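Colleague: So you can see what is in the structure, the chains are spelled out below.
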Amino acid sequence: MSTEDRCEYVTVKIGGQLFGVEVHEIREVFSPQDITRVPRAPGEIAGLLNLRGRIVTAVEARFKLGLPPREDGAPVMALGLEQGSELFGVLVDEVGEVMRLKPDTLEASPAHLDPKWRVLLKGVHRLDNQLLAVLDVRALIAWRAAGLAA
Amino acid sequence: MSGLRGLIMDELIGEFLSETFESLDVIDSELVKFEADPQDRATLDNIFRLLHTIKGTCGFLALERLEAVAHAGETLLGKFRDGDLVADSSAVTLVLESLDRIKEILTGIEATGTEPAGEDSELIKRLEILSEGGADPQASTPAPAPAPEPEPEPEFVAPEPEPEPVAENGHGFDSDLGRELRLGEVSLADLEAAFMNTPGPEEDEVPEAAAEIEDEELDEELDAPVVSAAPAAAANTPAPAEAARPAASGGPARASATIRVSVDVLENLMTTVSELVLARNQMHQIVRGVEDSALKTPLQRLSSVTAELQEGVMKTRMQPVGDAWKKLPRIVRDATQDLGKKIKLIQEGEDTELDRQVLELIKDPLTHMIRNSCDHGLETPDKRVAAGKSETGTIKLSAYHEGGAIIIKLIDDGAGIDPAKIRAKALEKGLATEEELAQMGEAQIQRFIFAPGFSTAAQITNLSGRGVGMDVVRTNIEQIGGSIELVSAVGKGSTFTIKIPLTLAIVSALVIKSGEQRFAVPQLSVRELVRVGPGSPVTVETLNGANMIRLRERLLPVIGLDHVLSQSLQEGAMTGYVVVLEAAGRKLGLVVDDVLDTEEIVVKPLSGPLRSTTVFSGATILGDGSVIMILDPNGLAQEIATETEDTAANRADETEASAEISARQRLLLVRAGGAEPKAVPVSLITRLEDFEASAIEMTDGRRVVQYRGRLLPLAHVGGEGAFRTEGRQPVLVFSEDDKSAGVAVDEILDVVEEVLDLEMGSERPGVIGSAVIKGKATEVLDIAWHMERAWSGAPQRVKSKTRSAILLVEADAFSRRMLAPLLAAAGYDVTVAGGLHEARDAARMGAAYDVVVGDPGALSRLASEGYFTDTPRLGVGENAYGTPTDGFVAVIDRADRGGLIAMLDNAARTERAVEAA
Chain A
7 MSTEDRCEYV
17 TVKIGGQLFG
27 VEVHEIREVF
37 SPQDITRVPR
47 APGEIAGLLN
57 LRGRIVTAVE
67 ARFKLGLPPR
77 EDGAPVMALG
87 LEQGSELFGV
97 LVDEVGEVMR
107 LKPDTLEASP
117 AHLDPKWRVL
127 LKGVHRLDNQ
137 LLAVLDVRAL
147 IAWRAAGLAA
Chain B
345 MSGLRGLIMD
355 ELIGEFLSET
365 FESLDVIDSE
375 LVKFEADPQD
385 RATLDNIFRL
395 LHTIKGTCGF
405 LALERLEAVA
415 HAGETLLGKF
425 RDGDLVADSS
435 AVTLVLESLD
445 RIKEILTGIE
455 ATGTEPAGED
465 SELIKRLEIL
475 SEGGADPQAS
485 TPAPAPAPEP
495 EPEPEFVAPE
505 PEPEPVAENG
515 HGFDSDLGRE
525 LRLGEVSLAD
535 LEAAFMNTPG
545 PEEDEVPEAA
555 AEIEDEELDE
565 ELDAPVVSAA
575 PAAAANTPAP
585 AEAARPAASG
595 GPARASATIR
605 VSVDVLENLM
615 TTVSELVLAR
625 NQMHQIVRGV
635 EDSALKTPLQ
645 RLSSVTAELQ
655 EGVMKTRMQP
665 VGDAWKKLPR
675 IVRDATQDLG
685 KKIKLIQEGE
695 DTELDRQVLE
705 LIKDPLTHMI
715 RNSCDHGLET
725 PDKRVAAGKS
735 ETGTIKLSAY
745 HEGGAIIIKL
755 IDDGAGIDPA
765 KIRAKALEKG
775 LATEEELAQM
785 GEAQIQRFIF
795 APGFSTAAQI
805 TNLSGRGVGM
815 DVVRTNIEQI
825 GGSIELVSAV
835 GKGSTFTIKI
845 PLTLAIVSAL
855 VIKSGEQRFA
865 VPQLSVRELV
875 RVGPGSPVTV
885 ETLNGANMIR
895 LRERLLPVIG
905 LDHVLSQSLQ
915 EGAMTGYVVV
925 LEAAGRKLGL
935 VVDDVLDTEE
945 IVVKPLSGPL
955 RSTTVFSGAT
965 ILGDGSVIMI
975 LDPNGLAQEI
985 ATETEDTAAN
995 RADETEASAE
1005 ISARQRLLLV
1015 RAGGAEPKAV
1025 PVSLITRLED
1035 FEASAIEMTD
1045 GRRVVQYRGR
1055 LLPLAHVGGE
1065 GAFRTEGRQP
1075 VLVFSEDDKS
1085 AGVAVDEILD
1095 VVEEVLDLEM
1105 GSERPGVIGS
1115 AVIKGKATEV
1125 LDIAWHMERA
1135 WSGAPQRVKS
1145 KTRSAILLVE
1155 ADAFSRRMLA
1165 PLLAAAGYDV
1175 TVAGGLHEAR
1185 DAARMGAAYD
1195 VVVGDPGALS
1205 RLASEGYFTD
1215 TPRLGVGENA
1225 YGTPTDGFVA
1235 VIDRADRGGL
1245 IAMLDNAART
1255 ERAVEAA
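Residue numbers (this note's numbering), protein chains in the order written: chain A, 7 to 156; chain B, 345 to 1261.
Keep in mind the hints are simulated off the structure, nothing from the lab.
Quantities reported herein were computed from a predicted structural model and do not represent experimental measurements.
Hints may be right or wrong, so weigh each one.
Each pair of labels, with its calculated beta carbon distance range [claimed, not checked]:
no., chain 1, residue 1, chain 2, residue 2, range
1, A, ALA114, B, GLN788, 44 to 54 Å
2, B, GLU983, A, ARG12, 48 to 58 Å
3, B, GLY457, A, ALA148, 34 to 44 Å
4, A, GLY59, B, PRO642, 18 to 28 Å
5, A, VAL29, B, GLU463, 48 to 58 Å
6, A, GLY59, B, LEU643, 18 to 28 Å
7, A, ALA114, B, GLY457, 40 to 50 Å
8, A, ALA148, B, ALA380, 42 to 52 Å
Beta carbons: idealized from backbone N, C-alpha and C, even for Gly.
Go ahead and model the full structure; you've got the sequences and the hints to work with.
Modeller: Right under this line is the structure:
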């Protein structure tokens, strides 16, 4: 137990909003190359890509957050995480620095927040001049097994 | 426990657990085998030995509960073996119970490291009572013993020490045991010899602790005439050391050629080799582009070495499929007891090998399917006898290799899967509508059992805690690249065929291009490639939106890949290549833009969110590093909407989906009311059936038979008296819209193809005329006339129309679906026309109705065109401005159902009054 019980986040920007993802959730940060589109896949799946010989499923965070799609040529980065034996890459606009924040600035998500966001956030940190929304990446990549047609 | 001793003990317990679990599985199936044949001395001895071994090790490891239960079980078995007791079903059940208890305790040890607290005294008491010749106080009525048992003669043959041939793997056939020795076992003869020769304690590298078991056991054994084989538990050195240990150095030196290796190690090896194959492929790609590279030769060598390595590693993962079948005899036996049925399980091809990962994956599905067979497939002995079958049902499991895959068949001779029941259930579960079901063939309906949501999963949850349904079974199998098919005939039985590719990870794939993207298609499913479009003799033809090509006189349904992927409407002519695929017994063609090449690829499964895309079975990384999707032929097959079911032509060993291509017609030759053959055009026949004569009932002066959930009216060509009273009655089934009728004949002879040239017309009802068929003058039956007879009953009966007939003309599907049942429920005979042309066709065919109901615009239009001018019209819905409604009885609002029925009744009554007048 450290005396300085701080929360460590990798900060990212999506659609202009600052988000934080708990460091221990992220395996790596990388620049996604050559994403293969998957036809008929759920909307949030941007496609598949090859990361050092392993196939990674790219999930578009903007889609999940209900934000407009990224413009062609706009910068994009990926947060790599592992779930079970599957690799996922969460697509964001930019990746910033790692921040360590005091837990006392963390608050629960506001009640009037868009439900789409509410399920994806773990809370909000009050920073000096902006808010950092804590992103629940596990919730972001979660999927429901759809009912299959016979 | 602490220190070195603690470590040793933990490892010993670990080994003990894994080996004992295995032994218990063996005992399970051996017991079932023994129960079926209580004279089988060898099996009984084996069971006894195994249990005895377990008991011994338990004692050493201070596992008291286990030791006590094992001991009581062993004592009882000993009584059987000595001939003091007869092994009946209740005794075997009790022994099985005690085995279950042992498993329970073992599981507890696995979890916590020590025996869980618990009470076994009651179980032990029951075992003791039985050993003393009493009856198990708790036994349910013992099921009839599988075979009558006379007192077993108290003969006991002492094993003769025979010189044992040393087989290469250190395994040998032990004549005393009556089977091959397993890993860790030593033949009886050897052991005996060893005892005789042993001077004292071991000099092996076996830890002292193990040697102690040995001595303990030896002491006990010297009394008993039976000598157990070297306990598997004795081979408990954790390091991969020799597994088979003779009791002493005196016995034939047996250097074991087998070792135990952890599964994880193999798994990693497997993955590494796959990566190696990929890397090799990448190098191939690079070198391919370079001329005269010095790398070419070494790369060739690397290639062949890699292939060998791959093969070798695959082999390590191969296990006999019988391992997955071990538990099944017990399950069948339990089911037999619980359900009061008689079931025999036959296993064929247990030695067929397959990848261990696959083995794990099919264990549960197989168990589930066997249970299904027992529960639903096989009938009770009474029903079976009544159906003319033997009392004992048979389930046959067979496995064999075929073309790079392993085929596992599960065949039962039970009641088969009844399409009528499936249809009802599908409706109930909301999986399909009446209309959709009416379009489907029998086989298609039977396949509903694979649909998610079909089974009430809770039935069999024991397997792994999760609900298991056939949909999960199919998904599991398909996830590893396999397929499962079902062939089932009501009353006869069902056959499930599972096909699984042998090389799991690496498959040969055809890379194709559609639009800008490349995709992979498993080579195994590809039958051929056909060029289509301009410049090629083959073109894609369309019939009402369905695309097809002609391939060697047959029509093959095709679908454009871009259409499937973008789910957009097909536009323009299709050019490129047709990849002819075969999936789940069906052939289909996939139209793609280009075919690139064949590559060996490593199949990577799709991640969670993508698994619901049924058209893809996985993804892979090509030699150039790009990721492409792997198409799933099964999923693609499902995209092809309707299926035309095989009909009468199937019986004649052909599959014909379309109408005649030439002037020649296919004619069915039958014998009906007379010795000379008569002919029926095959194109008119929907289906050929035969029914049990006893299933044909008389109702209301008519012959009917229950067919697909409805009553099928029958008429016999030869007249009322020609119906068979026993045996099977062949029937030609004709379906028109919603109505079906059956025309019974004496015998179905043949199918021929002839140019039908009707020569003499006929005045006789029931015969259209005569034609020369196969050189003989043959009467051609007037099927329509016979159908009429079937529908209306015996010809002399007056057609009684008790229900008013109405025509519902409504283009909007939703309104149709709402109105049609409403009107039918109100007692009307509803004919539905989804569009104007259907209504016109009906009018032209001379159909008459009491009222025409539906969309005012449509009704008005029909009237103005001269159709149904005399029939009262009742409009339902909004009347578009300006549409004339004179001549309409009324225009009713859609929501006013009461009003609609009332007006309808009025109109119909008036109409009939008019008619009668």
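Colleague: It remains to establish, for every hint, whether it holds in the given structure.
Modeller: Hints, verified against the model:
1. A/ALA114 with B/GLN788: 44 to 54 Å: 53 Å, holds
2. B/GLU983 with A/ARG12: 48 to 58 Å: Cβ of B/GLU983 to Cβ of A/ARG12: about 53 Å, so the range 48 to 58 Å holds.
3. B/GLY457 with A/ALA148: 34 to 44 Å: Given range 34 to 44 Å: holds, Cβ gap about 36 Å.
4. A/GLY59 with B/PRO642: 18 to 28 Å: The hint (18 to 28 Å, Cβ to Cβ) holds, given that A/GLY59 and B/PRO642 are roughly 22 Å apart.
5. A/VAL29 with B/GLU463: 48 to 58 Å: 51 Å, holds
6. A/GLY59 with B/LEU643: 18 to 28 Å: Between A/GLY59 and B/LEU643, where Cβ atoms are some 19 Å apart, the hint holds.
7. A/ALA114 with B/GLY457: 40 to 50 Å: 43 Å, holds
8. A/ALA148 with B/ALA380: 42 to 52 Å: 51 Å, holds
Checked against the numbered hints listed earlier, the structure breaks none of them; every hint is satisfied.
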